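Two chains, two separate frames, one set of hints: put the complex together.
So the chains spell out like this:
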Amino acid sequence: MLLLQRSARGDRAAFRALYDQWGRRLYGIALRITRQPSLAADATQDAFVQIWQQAQRFDPARGSAEAFLVSLVRYRALDVVRRQSRETPGYEPVEQEDETPDALTRLVSSAEGVALHRCLGLLDAERRRLVVMAFVDGLSHSELSSHLNVPIGTVKSWIRRSLLSLRECLAS
Amino acid sequence: MLAAEYVLGTLEGSDAREAVRLLRDDPVFAAAVHAWEERLAPLALSAPPAVPPPELWDRIAIATGAEVTPLPARRRLRFWQASTGAALAIAASLAGFILLRAPSAPLVAVLAPLNGGVPLLIATAEADGTLNVQPNKIVSVPSDHDLELWALPQGETHPRSLGVLPVAGRRLTAPLPRGTELLVSLEPRGGSPTGAPTGPVLYGGRLAALN
Numbered sequence: 000m001l002l003l004q005r006s007a008r009g010d011r012a013a014f015r016a017l018y019d020q021w022g023r024r025l026y027g028i029a030l031r032i033t034r035q036p037s038l039a040a041d042a043t044q045d046a047f048v049q050i051w052q053q054a055q056r057f058d059p060a061r062g063s064a065e066a067f068l069v070s071l072v073r074y075r076a077l078d079v080v081r082r083q084s085r086e087t088p089g090y091e092p093v094e095q096e097d098e099t100p101d102a103l104t105r106l107v108s109s110a111e112g113v114a115l116h117r118c119l120g121l122l123d124a125e126r127r128r129l130v131v132m133a134f135v136d137g138l139s140h141s142e143l144s145s146h147l148n149v150p151i152g153t154v155k156s157w158i159r160r161s162l163l164s165l166r167e168c169l170a171s
Numbered sequence: 000m001l002a003a004e005y006v007l008g009t010l011e012g013s014d015a016r017e018a019v020r021l022l023r024d025d026p027v028f029a030a031a032v033h034a035w036e037e038r039l040a041p042l043a044l045s046a047p048p049a050v051p052p053p054e055l056w057d058r059i060a061i062a063t064g065a066e067v068t069p070l071p072a073r074r075r076l077r078f079w080q081a082s083t084g085a086a087l088a089i090a091a092s093l094a095g096f097i098l099l100r101a102p103s104a105p106l107v108a109v110l111a112p113l114n115g116g117v118p119l120l121i122a123t124a125e126a127d128g129t130l131n132v133q134p135n136k137i138v139s140v141p142s143d144h145d146l147e148l149w150a151l152p153q154g155e156t157h158p159r160s161l162g163v164l165p166v167a168g169r170r171l172t173a174p175l176p177r178g179t180e181l182l183v184s185l186e187p188r189g190g191s192p193t194g195a196p197t198g199p200v201l202y203g204g205r206l207a208a209l210n
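Protein chains in written order, with numbering that gives the first Met the number 0: chain V, 0 to 171; chain H, 0 to 210.
Hints in this document: simulated from the structure, not taken from any laboratory.
Fair warning: this is a prediction, and the values are worked out from it, not measured in the lab.
Cβ coordinates follow ideal geometry from the N, Cα and C atoms, glycine included.
Don't take each hint at face value.
As the list claims (entries may be wrong) - Computed spacing ranges between beta-carbons, pair by pair:
1) E17/H - L163/V: 17 to 23 angstroms
2) D57/H - Q83/V: 19 to 25 angstroms
3) L171/H - A16/V: 31 to 37 angstroms
4) P176/H - Q49/V: 30 to 36 angstroms
5) K136/H - Q83/V: 40 to 46 angstroms
6) K136/H - L147/V: 21 to 27 angstroms
7) S139/H - Q53/V: 37 to 43 angstroms
8) A110/V - P174/H: 34 to 40 angstroms
Looking at chain H on its own, in the form it has when it is part of the complex (with noise of 0.2 angstroms):
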């Protein structure tokens, strides 16, 4: 049970130290210990997904040796601010990038199944309080169920319901905070009779800006 235990991550103390002693020495311990893994990996996946600070790539790589190249932005914004008297052309070749900068830029959320694999809605959240899902491909629902949306603001424990979600996607208003997770989750026709999930969660993402 001390290899289910260091899994779990609850052990203390000695009983701390014993574990990796033997995790180090002991080959029958260690393969307790990877069977373990294997067991309870699905369950820390569980933990919704969260967007790392943006710096985190660049700490990542600079610890593994990389150079690193400054990010395509930054290097646009010093060229940008370096030729303010240049010519119109630099201008209109930069306007996407400001377009995206800009404040009322939309903030996107890529909703793919929660354990990875192909994003299959994308949705859209525009500061006018717009939100637009589609489907990136055809999904299919099986009958007598549908598909609900649901809103998790960054902090919060219960989603909310956006309603049914036709597998043609669907457009309404919902005015949603960046870092606001979209789930999508299986319901009875007509959706969720308790008011949360009581399906399993189809797919999820967050809504992130782009850049």
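Only chain V is shown next, with the shape it has when bound in the complex (with noise of 0.2 angstroms):
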């Protein structure tokens, strides 16, 4: 992406543009994962702060753009709420109704997005709901263990062999 590329370079008005075009989404993204609005702004704050300074390690040739900008914003929002989590004792993630079937109509939108609906689909619903709740909602080992009341050893096997097949059928 011509954005991010001028990013690197110090093109302030460049750095702006991606705010703009990429604010909401990778907002929504930390806000997905951190569930409050201010730990949400923090990562997202990070991650541009990020992004203005590494965007140089940005290589086109090896990965697309939105891969680097989703991946910053997720680690940080993972960073921020484990942080938060361990930090206050007692502190759960507030609960959320299963959302897996919205998070999946909206995957449709891009060739990519195409190919992983697909390839989710062929997963059984409950390990399908373990990945998008890993992922989406950014929920750990022993998070999902309590949340699906699962042994997290069952979770753990369950979650490696649903990213096996993921990645069987991507490469396919």
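In structure tokens, the structure reads:
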């Protein structure tokens, strides 16, 4: 993406345009993981500061700008929310209704999204839900285990098998 | 699989620390992480976009060392307060601004493809509950299909149908609060048979105040 590469060269107008283009989506991702607007804003701020400082690490030959931006904000949001749960004993992430069908419906608006949607569709419903809750809602192995009332070892092996079949399906 | 689980974000404790160490020291592991980031990125974008707090850009700009100029709206407001006795001409020049800030100002949503791209529809929600959805560009729909408009109020998880959306646009009565997300899905002719979107969600945007 041109804007990301221009930001890497210190172009403030491009950086602002990048914020206008991506701010709502990255904040949405962070909000879904942190469940709190102030934490989501912190994570989004950190991600954009990193974009400004480290965008030169983005190599279009190696990957998409989309994955670069999405990963930055997800890792920041996961950091923020894990730190929060460590520092606040008894902190429980807000219970959320299962939004899986909704999340999957939204996937189908890009070619990559269509492929991933198809491959997720091949998993059985409970394992698919596990992958979506982990990736989109940011739940850890132990959170998934208590949320779904399944032993942690089972959660881990279900996730591993789901990821393997996703990799296989996406490669075909 | 550690790379995949790292990207998924489920690792804790020593596993998480080990993944961070490998990411730094092991190029093969780092490449596996990048490959998983590529594979799963579209799923992260399935989280609904949300409007960040208005001061977020200023915070980012300050944190990245930019000099931040005050928002034009604030500057004009101060000017307005400082010159209440001034000529009507000033009041007239500010009238547009005041209208925009009035409580009865319409909310606007720009409906664009969810993964980015050119906005295709503009929705305006008036204070009296009128919702007007107009195409910004020519929208074409495959035969035997209709577009259907949905409203997803903030904090809710299931969109409510606002009915079929003709490609020429539509005016309807639907009082919607700020922050409601409007979505357009592709449905069989006549609209979704189930009351929930059954086809792909093509466009979406959130109702926000103009500023």
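- Item | Supplied distance hint 31 to 37 angstroms, evaluated on CB atoms of L171/H and A16/V | holds, 34 angstroms
- Indicate whether the distance between the beta carbons of A110/V and P174/H respects the range 34 to 40 angstroms. For A110/V and P174/H the Cβ distance comes to about 38 angstroms; the hint holds.
- Item | Beta-carbon spacing of D57/H to Q83/V - inside the hinted bounds 19 to 25 angstroms or not | Given about 24 angstroms between the Cβ atoms, the range holds.
- Between K136/H and L147/V, does the C-beta distance stay in 21 to 27 angstroms? At roughly 44 angstroms between Cβ atoms, L147/V and K136/H fall outside 21 to 27 angstroms, so the hint is violated.
- Task: Starting from the hint 40 to 46 angstroms, judge whether the C-beta atoms of K136/H and Q83/V obey it.
- Result: 43 angstroms Cβ-Cβ, so the 40 to 46 angstroms window holds.
- Is it true that S139/H and Q53/V lie within 37 to 43 angstroms of each other by Cβ? Given range 37 to 43 angstroms: holds, Cβ gap about 41 angstroms.
- Task: State, for the Cβ atoms of P176/H and Q49/V, whether the hinted interval 30 to 36 angstroms holds or is violated.
- Result: holds, 34 angstroms
- Cβ distance range 17 to 23 angstroms for E17/H and L163/V, holds or violated: holds, 20 angstroms
Violated hints amount to a single one, hint 6; each of the other numbered hints is respected by the structure.
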